[in-house]
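Following the hints, put chain Z in place on chain X, whose structure we already have.
2 protein chains.
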Amino acid sequence: MCELLAMSANVPTDICFSFSGLMQRGGNTGPHKDGWGVTFYEGKGCRSFKDPLPSAESPIATLVTEYPIKSEAVICHIRQANSGAVCLENTHPFTRQMWGKNWTYAHNGQLKDYAQSLPVKYHIPVGTTDSEHAFCWILDQIYIQFGVQEPSDQDLFAFIAELSEKINRLGVFNLLLSNGDCLFAYCSNNLHWITRRAPFGEASLIDAEMIVDFQQVTTANDVVTVIATQPLTDDERWHKMQAGEWLLFKLGEPILKGQTPTKIG
Amino acid sequence: MCELLAMSANVPTDICFSFSGLMQRGGNTGPHKDGWGVTFYEGKGCRSFKDPLPSAESPIATLVTEYPIKSEAVICHIRQANSGAVCLENTHPFTRQMWGKNWTYAHNGQLKDYAQSLPVKYHIPVGTTDSEHAFCWILDQIYIQFGVQEPSDQDLFAFIAELSEKINRLGVFNLLLSNGDCLFAYCSNNLHWITRRAPFGEASLIDAEMIVDFQQVTTANDVVTVIATQPLTDDERWHKMQAGEWLLFKLGEPILKGQTPTKIG
Numbered sequence: 288m289c290e291l292l293a294m295s296a297n298v299p300t301d302i303c304f305s306f307s308g309l310m311q312r313g314g315n316t317g318p319h320k321d322g323w324g325v326t327f328y329e330g331k332g333c334r335s336f337k338d339p340l341p342s343a344e345s346p347i348a349t350l351v352t353e354y355p356i357k358s359e360a361v362i363c364h365i366r367q368a369n370s371g372a373v374c375l376e377n378t379h380p381f382t383r384q385m386w387g388k389n390w391t392y393a394h395n396g397q398l399k400d401y402a403q404s405l406p407v408k409y410h411i412p413v414g415t416t417d418s419e420h421a422f423c424w425i426l427d428q429i430y431i432q433f434g435v436q437e438p439s440d441q442d443l444f445a446f447i448a449e450l451s452e453k454i455n456r457l458g459v460f461n462l463l464l465s466n467g468d469c470l471f472a473y474c475s476n477n478l479h480w481i482t483r484r485a486p487f488g489e490a491s492l493i494d495a496e497m498i499v500d501f502q503q504v505t506t507a508n509d510v511v512t513v514i515a516t517q518p519l520t521d522d523e524r525w526h527k528m529q530a531g532e533w534l535l536f537k538l539g540e541p542i543l544k545g546q547t548p549t550k551i552g
Numbered sequence: 288m289c290e291l292l293a294m295s296a297n298v299p300t301d302i303c304f305s306f307s308g309l310m311q312r313g314g315n316t317g318p319h320k321d322g323w324g325v326t327f328y329e330g331k332g333c334r335s336f337k338d339p340l341p342s343a344e345s346p347i348a349t350l351v352t353e354y355p356i357k358s359e360a361v362i363c364h365i366r367q368a369n370s371g372a373v374c375l376e377n378t379h380p381f382t383r384q385m386w387g388k389n390w391t392y393a394h395n396g397q398l399k400d401y402a403q404s405l406p407v408k409y410h411i412p413v414g415t416t417d418s419e420h421a422f423c424w425i426l427d428q429i430y431i432q433f434g435v436q437e438p439s440d441q442d443l444f445a446f447i448a449e450l451s452e453k454i455n456r457l458g459v460f461n462l463l464l465s466n467g468d469c470l471f472a473y474c475s476n477n478l479h480w481i482t483r484r485a486p487f488g489e490a491s492l493i494d495a496e497m498i499v500d501f502q503q504v505t506t507a508n509d510v511v512t513v514i515a516t517q518p519l520t521d522d523e524r525w526h527k528m529q530a531g532e533w534l535l536f537k538l539g540e541p542i543l544k545g546q547t548p549t550k551i552g
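Chains X and Z supply the protein sequences, listed in that same order. Read in order, the letters of the first sequence are residues 288 to 552 in the working numbering. Read in order, the letters of the second sequence are residues 288 to 552 in the working numbering.
Quick caveat, the hints were computed from the structure, so don't treat them as lab data. The reader is advised that the hints may include incorrect statements.
Because identical chains share one entry, a pair is satisfied inside a single copy or across any pair of copies.
As the list claims (entries may be wrong) - Quick list of in silico lysine-lysine cross-link-like pairs, BS3-like style, CA-CA up to 27 Å:
no., residue 1, residue 2
1, K399, K357
2, K388, K399
3, K357, K320
4, K331, K550
5, K453, K550
6, K408, K544
7, K388, K320
8, K331, K388
9, K388, K408
10, K399, K331
11, K537, K357
12, K320, K331
13, K527, K320
14, K388, K357
15, K320, K544
16, K527, K537
17, K453, K537
Chain X on its own, in the form it takes in the complex:
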């Protein structure tokens, strides 16, 4: 499996604190040693840092921890390989372009029979993971449904929720997806989120001896949501998402939500 982390904020915010906790799970406090990656949006642009090395040993991960890139949307993934070899092309997040936006995708879980059940034509995977294949299938279905005309967020993400539910029938599909403006989360069985806003307090990482006083690093208007497979702090209240539940965040706030049918058995 693997671990996911994402952020949505109303002001450019760095993710050094949360990332410091997560990267320890890549070969230190956790077994997710088969590569890692993170994508930061800055305006319409985004940049990714990726390494097939374990995050706990990666010089690039150290740079990301120490160099505070400020972003309004971030998606991060550390990998424990189950489908596809350990190599760069199989390292999440995956980014593709649609309607003049960068779309970034990361998946936790495992899918069966995905090649047969999710045929792709227009978007062909580069690597050999079930995850990237499912991303390509989502992009194909969106292209077939909407063509070159971008729909409203409401129509688009309701459609993506339907697609997520179909993919989820093939196994476990915890999904994080962003186009820079919006951050979409679909819970198969394992996602938690927290929205931090004034009055800000302290928080302690579970995976490293590190405490942050958010009061010191924020202004009264900041709203920052963090989503992760497992809570990253042990002294805050994280919301656990339900199976089949989806949420859409924009500028740190949840703006749309829904519940898809869950699997039987």
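Showing chain Z alone in chain X's frame:
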């Protein structure tokens, strides 16, 4: 304008030496201070490092100089903005996917009337540069010509050369383009290349006090081609490309070449 650098090699090779020279031109020995980026292919995967900061001051550029990522194909760009603001979405190289491959693109030059002359439908730019617009137009034309079926390298790159010649009519279009397997270079007015192979010798950077003895870091079978807008060393013989000339490299060797009509006047 800007500066371009690319490498094609038959064994995974690091580009630290050439990159050390080039990055000095981003705010130190040269005026190209409006961001920089580099894309490394490793197998079918690729990873990019980008920064809107001048390369001579960028902590990420320092990491790339010190962390020897071994690659068979590299494309690198340092920017002096002329079209589009200084921001991440306008920072080269640009990467998109086609036929299950990552395609990476960097452009030196400036184009007039590109929005009217190069209409796009399927591939929409994220940023506001003439360069990314031309890349999207190339991808659109390839999609219209070949659809979902990948053609032979010969047919594909001959077609890309035709497209390059059309774009070149709009101004200056020095192009580097790679799909990981092949590296394509189109010269509008300013590209040089060199192929290094046994017996290897020493070389001295023009932009930094740095000498490398390639004999020490290679084996007898290594073949490494470097392409740059301007030669990076002053004690080797670089080939100057002619206006309208194009070259295709694979595993360090030139495998196809051609000459397109040049502009009148």
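Now the hints, each set against the structure:
no.	hint	verdict
1	K399 <-> K357	neither (37 Å within a copy, 34 Å between copies)
2	K388 <-> K399	between (30 Å within a copy, 24 Å between copies)
3	K357 <-> K320	both (26 Å within a copy, 21 Å between copies)
4	K331 <-> K550	neither (36 Å within a copy, 35 Å between copies)
5	K453 <-> K550	within (10 Å within a copy, 54 Å between copies)
6	K408 <-> K544	neither (30 Å within a copy, 32 Å between copies)
7	K388 <-> K320	between (31 Å within a copy, 26 Å between copies)
8	K331 <-> K388	both (7 Å within a copy, 23 Å between copies)
9	K388 <-> K408	both (21 Å within a copy, 14 Å between copies)
10	K399 <-> K331	between (35 Å within a copy, 24 Å between copies)
11	K537 <-> K357	within (16 Å within a copy, 39 Å between copies)
12	K320 <-> K331	between (31 Å within a copy, 21 Å between copies)
13	K527 <-> K320	within (25 Å within a copy, 46 Å between copies)
14	K388 <-> K357	within (19 Å within a copy, 30 Å between copies)
15	K320 <-> K544	neither (33 Å within a copy, 44 Å between copies)
16	K527 <-> K537	within (19 Å within a copy, 51 Å between copies)
17	K453 <-> K537	within (25 Å within a copy, 41 Å between copies)
Going down the numbered hints, you'll see the structure goes against 1, 4, 6, 15, while the others check out.
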